[in-house]
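Q: So the sequence lines, in the order shown, correspond to chains A, B, C and D.
Residue numbers are given in this note's numbering: position 8 of the first sequence equals residue 8, and the series is strictly consecutive.
To get this note's numbering, take the position in the second sequence, counting from 1, and add 100.
To get this note's numbering, take the position in the third sequence, counting from 1, and add 598.
To get this note's numbering, take the position in the fourth sequence, counting from 1, and add 1090.
Do not take every clue at face value.
Taking lysine-lysine pairs in the BS3-like style, the calculated list, with each CA pair at most 25 Å apart, reads [what the hints assert, rightly or not]:
#1 K797/C with K612/C
#2 K211/B with K1039/C
#3 K549/B with K403/B
#4 K132/B with K211/B
#5 K265/B with K1039/C
Keep in mind that the hints were calculated from the coordinates and are not lab data.
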Amino acid sequence: MITSTHYLVLGAILALIGTVGVLTRRNVVVILMSIELILNAANLNLVAFARELNQIQGQVFAVFIIAIAVAEASVGLGILIALFRNKETVDAGEIDLLKW
Amino acid sequence: MTQHLLSIVLFLPLVGLIPLLLIPSDQKRTLKLCANGVMLAGFLLSLPLALQFDADAAGYQFTENAAWIPSIGASFNIGIDGISLLLVMLTTLIGFLATLASWSAVEDRLKEYYALFLILQAGMLGVFVSLDLFLFYVFWEVVLIPMYFIIGIWGGQRRLYAAIKFFIYTLAGSVLMLLGILTLYFQHAKEYNVYTFDLARLLNTHMAMGTEQFVFWTLFLGFAIKVPMFPFHTWLPDAHVEAPTAGSVVLASVMLKMGAYGFVRFSLPLAPHVSSEPWVVATIAALSIIAILYGALVCLMQKDWKRLVAYSSVSHMGFVTLGIFALNYNGIAGGVIQSINHGISTGMLFLIVGVVYERRHSREISAYGGLAHVMPNFAVVFAIAMWSSAGLPLLNGFIGEFTILAGAFAVSKLWAVLASLGVILAAAYLLWLYQRTMLGEVTHEINRKLRDLNAREWAIFLPLIAWAIWIGVYPKPHFDVLEKPVQAIVERVAGGAR
Amino acid sequence: MSQFYTAADNLALKPALALASFGCVILLLEFMLGRARAAAARQWILGLSLTGLAVTAWTLWEQQQALDGRRLTAFSGAISVDGFALFFNWIFLAASLVTILISYRYLEIEGEEQAEYYGLILLAQCGMYFLATGTDLITIFVGLELMSLSFYILVGFLRGERRSNEAALKYFLLGVFSSALMAYGFSLLFGVAGSTRLKDIATAIQSRDLHDPILLVGLAVTAVALLFKISAVPFHMWAPDAYEGAPTPVTAFLSVGSKAASFALLLRFFLEPLGALRDAWQPLLVAVAVLSMTAGNLAAITQTNLKRLIAYSSISHAGYILLGLVAGNETGLQGVAVYVLVYTFTNLGALLVVAALRSKVTGRGIEEDLNDISGLAQRNPTYAALMVVFLLSLAGLPPTAGFLGKYYIFLSLIQTGHTVLAVVATLYVAVALYYYFGIVKMMYMGQAAERASLISSSVGMRVALGITAAATVVIGLYPEPFLRFAEISLLR
Amino acid sequence: MLDAAFFYAFALLAVTGAVLTVTRRNAVHSAIWLIVSLLGVAGLFLLAQAEFLFAVQIVLYVGGIMVLFLFVIMLVNLDRAMKESQFSKQWPVALAVAALAGFGLTAVFRKAGAVLPPMASPAEQGNTQWLAQVLFRQYLLPFELASVVLLVAMVGAVLMARKKEGARS
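Only chain A is shown next, with the shape it has when bound in the complex (with noise of 0.2 Å):
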């Protein structure tokens, strides 16, 4: 049988997945996909708990994950326009004027 605990161990894996490619990945777009797979495990224990205690606000608060998630994006791609704009690269690494 299914029970919460598969749904926290996937998102385990995807959590650890995501912080693995942040601290790896130099590609600036790529890190943030990873971040977006955190987010995306907190979802899944979100929606694993709200079933398990049949308490809707696990749903509800993912939902509000979800538009942060969107938020961040959108900000942090027009950072990285901007960042673009004044030296073409999208790799963290040289982003090197100031010490990394």
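With chain A fixed as given, assemble chains B, C and D onto it according to the hints.
A: Just chains B, C and D now, kept in the frame of chain A:
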């Protein structure tokens, strides 16, 4: 008027800051007159303190107490006893004379210079009159800041290094001291359920031995660095040498006394058990004797006139701490008197270096020689200062050192013997210095044209000489005011030793 | 839930409503008026944003009067306004006010005079309002994002400057990462409690086995995200870059406003839901605090850029504030409040002087190098003297306000028996003094460089300087009313 | 049984997509794999009776954010980004974090999971209606706040992305 006399003396320099800051920076003469006027007024206003002081009364006089930060139990609580009185008088006098000595020595950024001196003066007075530990700590720290600037802006070649070294060293000591104060404050609150920084009430605190050790040693660090005692003295030569003359004078004459005063006023009464523990006393006495001998030996090797005077401070202040930790009446009273003496004589010695430095811009001893022929008046003044510092009878240094040695002798003959070695060495390096700079033939042609003391310089030296002779010939009034407070401290420590 | 929008809701929402409405209007002003007309109305926009702050101040005052020390819970537990929240909100208000006052001239020099800037500041403050008042995971999360997103944009506001772009991007990436972690942690906390209210989470934690893995993981991840936000070591790497690259007024706002808000959240979290787990997190916080003080102070010594130096010093300040939480007694918490209060004014003041260094005469390129402040005392004695006051206060020397913050922290450590920590913390005061006085040395004893040290002052600058300096000195000399205020705020 | 099969299928989709997202060299490929992963998660939402979230996931993420991502990837210099090395030197850090998180993971494993009951809304309404009820009553405040967040994001993105005109030299 009289019931606020002490506050008036304390805050007058800060009030004087207002007109000083309003004078345009290019009116140098007005600035100088203003600063000197304020300092002179400060000295004159402090005279009634001495005249009205009742030596027979126990406890503090001229006390004032006002709420300041009730929620933490800090109050504006000031007052003086005999110990404070002497140091306050020394401060107001030296403050004025140091300012006067800057008249022609400093021509650069005058407004800032005098403003800093006024702040410094208020801070030092505050340290000596505070009867609330929070207030005391605030004044203690306030003193550091103007001195940093005075050394750093108007100092010599390596002024930046000397200034920051002085600042960091003394600050490190004083923040640790804050921890000691806070521990005491907390212990008192635990015992009486009242949070207060009032010295009189904190004296009633009972502490476990471990806690008292912590309090004692944190306070010790703060005061020992200020004095400075032997292993903590390394900031002193740099600061003294690099500071402008007035800065050195104030630093040596008054600021070092803050440490000695701290021992007498706070360390001994607040932590009587630890201060009277044999190993503590032995340690501190050993450090003091090392300071006396080491300071004197280093003096013998100096080529730099000012550095020599600086190291002589280390040696002389060793006497002061030795006396204080003899823990008997003679020792402590002698320590306080010697603090004043050191203020007078070392102040004079630094002023003397200042006089020639202003004329020749060199501190090398070898740059001078035979000055007695060129500057006879100066030679006389220097001779008096030298004898005073070396402890010649009929001058102040003899009284202080003799009393301290008597106090030390009562505790340990070995201490007294070793310390008297310091007296001999002091005579040696001072006489040798005098010989090299003043006596014999004029070694450098350029020195032939040096002016002798002018009226202003006489005015600076005369009060100091007068005070030196007064203490040397008739020290009784000084010991009279010290009798009650010192007796109280001795009894308290003896009570703690049980 | 009987009524949709109660009177309590209304009272609790007022300041946020004021901030949000003024913020949104200003944010959209350029879209509505057109760029040219908006540019012509610059002063009106400044006036409008100040009006917004005035209205906010009035509503906060109203709340303060109406509550009188009680706690007001609104929106069925989503937010609660109490002394704690009000205290922090006054700090946020002061931070925005000073930021706006110093921004006008700065933006003029940078040629970025856009209305959105002021709107974003007000909206960031709106987000902070919910960080201080929020008692519900969702509200806190959304409020945090409102603040953070506004800051990402503000940090990158100098679009023509590559350093500003890069700072924004780095701050954004790490900020979003920490937000994602926080979301993940929150999701687990929700699972433990079955509710998003902090109150329920606190109850759940008390009734649950402490070794419940979900709870532990949730708490750990949330704690990491919170430490990210206050830039405590080892989660601090974004701060120096963001501080350096951002427009200086934004640096000021970021270093005090965002930090104070994050601390408000951290305090609420560690004291309310996590209060029961004190024994578990205390050693970790000790480690983080000591690391922050050490790394912050040691790194600051080697900095040659003023803003970077202040960034590292602010990391060490975060360490000090955490020590108050480590002590955790009444004094410690009061210390946190007082420390945040004095740090706000002092750091604003110091960065204000740095912002004032930027002038048209200086020409292009943000340097804010230590050399730029060299010889300042000769040309602008007032600015230099006040900078000394700010630096003394940052170092924590009496008689400036900064001493009081340190005083409470030290006292609380002694009261709770953390003597060794207290000794370490005091010795770092001496270290900090060394690099702060490096700046003083440049100002007073350095030679005035050719291009540097001409303050571009404006009315707003001077007013802001007056506010910050007065606060630093007055709190230092006569702190009684402020201490009473901090005390009343926390002891509810 | 069917539930389990669906769960594993979607989970496989989500994990595979995620792994490939963070390992692909080409950012466009990463984006496409992210879509796969997000779709997998969307399927799981459906399975866990979060129909509304399923729709939001598809429309907002896959429809909105991904298009945005792809747009930006195309806009910035793809060829050059491809040639640059793709991984930073932070592997040890990443490994440590992974180990730590792996520990958390096993910790979560140990907890005996509850069998998921079907969700039962209080008023016999659909989950979406229920969600709306709670959203607009209990979470009205954050909902309004979120709209401000989105406004900030919108204005901010425009502000950042548009050219600085009249740039003085």
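Q: Hints first: check each against the structure and report whether it holds.
A: Here's how the hints hold up against the structure:
1. A C-alpha spacing of about 23 Å is found between K797/C and K612/C, which places the hinted pair at or below 25 Å, so the restraint holds.
2. The hinted pair formed by K211/B and K1039/C meets the criterion: a straight-line CA distance of about 18 Å does not exceed 25 Å.
3. With a C-alpha separation of about 23 Å, the suggested pairing of K549/B with K403/B holds against the 25 Å cut-off.
4. Using a Cα cut-off of 25 Å, the hinted pair K132/B and K211/B holds, with the two alpha carbons roughly 9 Å apart.
5. Taken as a hint, the K265/B and K1039/C pair is honoured in the structure, with Cα atoms around 13 Å apart against an allowance of 25 Å.
Taken one by one, the earlier hints all hold for this structure without exception.
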